[in-house]
Structures are given as structure tokens and as C-alpha cells.
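The listed protein sequences correspond, in order, to chains A and B. Under this note's numbering, read the first sequence as residues 1 to 66, first letter to last. Under this note's numbering, read the second sequence as residues 1 to 434, first letter to last.
Worth flagging that the hints you see were computed from the coordinates, not collected in a lab. Just so you know, these numbers come straight off a predicted model, no measurement behind them. Certain hints may be false.
Claimed, not checked - Straight-line C-alpha distance at most 25 Å; calculated DMTMM-like pairs for lysine to aspartate or glutamate:
{"hint": "1", "chain 1": "A", "residue 1": "Lys22", "chain 2": "B", "residue 2": "Glu397"}
{"hint": "2", "chain 1": "A", "residue 1": "Lys22", "chain 2": "B", "residue 2": "Asp225"}
{"hint": "3", "chain 1": "B", "residue 1": "Lys117", "chain 2": "A", "residue 2": "Asp11"}
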Amino acid sequence: MITALGPVAADLGANRVIRGVKIPHPCGDPTLEPAGDHALRIGLVRAALGALGEKIDKATLFRGAS
Amino acid sequence: MSAKTLELGTFDVADVAFGDRTAFAGGKLTIARDEIATLASSDPAFAGVEVMLVRPHESVRIPQITDVIEPRAKSGGTGGVFPGLLSAVEPVGSGRTDRLRGVAVVTSGPVPWLGAKGLFVPHDSVLDMAGPGADLQPYANLHLVVLRFTFKDGVDHEGYERGLLLAGEKVARALALTARDAAPSSVEHRDLSRPAAALPRIVYAYQVQSQGVFMRSRLYGRVLDELQPTLVHPNELADGALTAGGLGGHGVKLHTWMHQNNAVVEHLVAAHGKRWDFAGIVLHRGHFYLYEDKQRVGLRIAESATLLGANGVVFTLGGAGNNVTEVMLAIQECERRGIKTVLITWEHAGPDGSDYPLPFAVPEAVAIVSTGNLDEPLALPKMDRVAGDQAIRVRPEIGGVPYPIDTAITLERRTFYAGAANPIGFGRSGSVES
């Protein structure tokens, strides 16, 4: 799950939680130029796909957008 | 240093009627309809205004409410009511304030949507003065002076919001000024001087919603969209330093009347020096968009409570949704520091009340009082009269659909009912464990 409220998602039972941007726009940043926003979104999706390949034994927060 | 002391003079209003001149005598408030209409509609946002009177528990449905305001005016001390808006930015909360009890000013009307989407649509609402809806909000016992505005084209939402805010406050102050030469029903002295006996020291962490146009609160006229937790004296609330200004989230909305008469503040003040030592209010805002911002709010509340020497903190919510996170993080930090906490909250418990009631919680939150379920359907009978449009507008995402209200209605959720699950405990709703 990609979300700006990682600890909330983990608390509610999401296994792999990717840190998103902000509550109204977790998967992008409208303040960025289109190219920067695109790079950010690609990075988030890659982080999410990477997290799917990680072995975990409890709800885990992964770094996505910073 | 002398403590801030306020004499709050209450003038009970038993009757309200239209007449030749606006005056208060013998418990009767007379309103010159044209005079109040001229005062209310002077802002360029308005095409006109209709002034209507609604009696306590009358079978009336009031639609499209922006705000509810108790008439108050200063008759001594520095500053004026609604500082930063109607009055200069000067200290308020000391000297003398006069208030008319038993009457409130309601601003209403169909604010143009102007194609707005999402949160920032001036949503329509209803409020019933009789039937089951009357038990859910604090206004059914009052005489209401309803100002129903129509709006000029060519004004943006900022302009409509500001016009509505100031109009309600101007009329409220003008009505309170009529009591200047009358004898008050009671005068109460309010201060927070430290009691001689050792009593539990209590802080009130008061959350308000402020998220952009029509979802805002203001302190001394300043929009609180970026508010970091700040200390406020309860006497400042009595003088209207904190005001509402929104048209969203009606079910959980805090009107200016609720800030002026906040039930938590009233109880904390009433038993100050007897049952507890009320240390003051930490005003704060939820709905921050980053988790770290929510953590910062929680930390600042706990740090303020620590500096005030609190033994306990009472929390209430402003709005609904992710704003619970800030409050829960503050509760966690307070409890870790040995400061006891209690939360008063609505529930998002689903139509039958069986869902998990809060979007976020911490194990330290062990004392919670429910003010009722936001998601429970609400069946409202037909009222004899609608004080405004016979239909409200719903579904802004598809441009608006008229929803007739001149008949019996069932609201699937309580979002459109003003004050239906207000988070500071007004109204006769709540819930029990089963």
C-alpha cells in the first residue's frame, strides 16, 4: 500500500506499506514540474514492486517518496 | 500580575418579534426587519437578504446553514467582540461582555458552487427545530434570527465566505448592544486564578478544522489552516476570538456559537477551583497532510500540557477523518509523560454501529466518550415550514442534484445535518457498549 499515513496503514493490517507523498496526493506531487512528478511516480512504483519481493514477518514500512 | 477576569452579563430573551425599532426590554427582543436587513446585506457579495424568525421547537426545517452565532457585545474592558474581524486586534477576554441568552443569529442561503469540487464545495445542510433532529444540536431551545442571503454574481468563494462571516457577526453584535441599558439576568465572574487547595490541573486540547475556503476557523481573524498548537484563555472564546466560517462537514462542524458556548469549556470553568484547576486551552488543528506534521502537533500539545503542569488533558475533535491521528499521537505522548487523557469523539461506526469506530487509535487511549455515530441513518419527519429553499443541492461531483426537503427525509449519513454528531457533546446523542 502506498500512503502518506504509513503507521495508520500498518496499524490497520497492511503488510507492506510504502511511504507516499501527502494525504491528498499519495502517488505524485502536483507542485513539481511534469518531468519531476513523473520521476517521483516511477520511483514510488519501483519501491512498491521492490517491497513485494521482500520477505517480511510483520507489517513493514518501506521508504518511497522522501 | 493580575489574572484575566471577565464579567459575563447574561440577558435572558423570552420572546423575539419584529417591530418598529430594534430594542430589548422586559425579556423581549424587538427587531426592526429593514434595519437588520440593511446591516446584514451591506457586503458586495450579497444580492439581498430575507430576515426570518423561528421560534423554539417550531416545526421548521432550516436549510443551507453557514454559521450560528450568539449575540454578544463588549461593554467594558479592552477590545471588541470578534477581534480581528469586526473589531481591532486588541486583547479580549477581560472587562465586561453582555450576551443575549435564548436567541441566536443563523446565516444561511444557497452559496453558488462556481464549479467547485471535492472538499471545497459550499455544501448544503438542514437543521430541524422539532422532531428527532431537534435532539441532536443545541439550537432547538432558542429563538433563531435566520438571515437568508442571495448572492451576487462575479464574487469568488473567498468573497462569499468573508461576507457571510462578517454579516452574521455584525447582526449578532447589533442585537447584543440593545441590552446595554437593561438589567442582566445574571453576571458571572470568570478567571483562572490558581486555587489555594491542590486540585488536579486540567488542560483542554481543543481541535478545530481549518482546511481552506469553507472549511476554516479563525483566531483573532487569522485563518488557522497552518496552525501549530497555541495557548488560548477561555475568556477569549467568550468574546468571539475563535470563529467558524465553513460550509463543509456539517454533521461534525463547530459553529461560532459552539466556540462561544463550548460545553467542555463551560464545565471546566464552572468547577474551576472546586473540582479541578483549569489551566487553559491548547488550540490546535488536525488534517495535516504528512505523518510527521501530525507527530509535531502531538508533541507540541504534550509539551504545552507539561509546561502548564497538567495532570490531565481533555481532547475533542474538529471535523472528521484523519484529524483523529494528531489527537491520538498527542494522547500517546501525554500518557507516556504520566498525564492522564480523555477523548470525547463521534464514531464512524457504520450504519448499524458495529464497525471499527475510529480511523486510528493508540493503546494509550483508554478513556473515550462517544457523542454518537456519524454513519447512522437519520429519519426526519416533514416539518410544517421550510425557512428557505424547498430543496437542497447534493452530489456536487456531477454538478448538483436537487434533494427535496419539504417532506419527510431519510439521510443515509449525518453529514448533511448541522450539528448531528458534533464532537463537543452538544445534543442528546451518544452510544453505549453492547
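These are the hints, each one checked on the structure:
1. Taken as a hint, the lysine 22 of chain A and glutamate 397 of chain B pair is honoured in the structure, with Cα atoms around 22 Å apart against an allowance of 25 Å.
2. With a CA separation close to 16 Å, the supplied pair lysine 22 of chain A and aspartate 225 of chain B stays within the 25 Å bound.
3. Between lysine 117 of chain B and aspartate 11 of chain A the alpha-carbon distance is near 31 Å, which puts this suggested pair outside the 25 Å criterion.
Violated hints amount to a single one, hint 3; each of the other numbered hints is respected by the structure.
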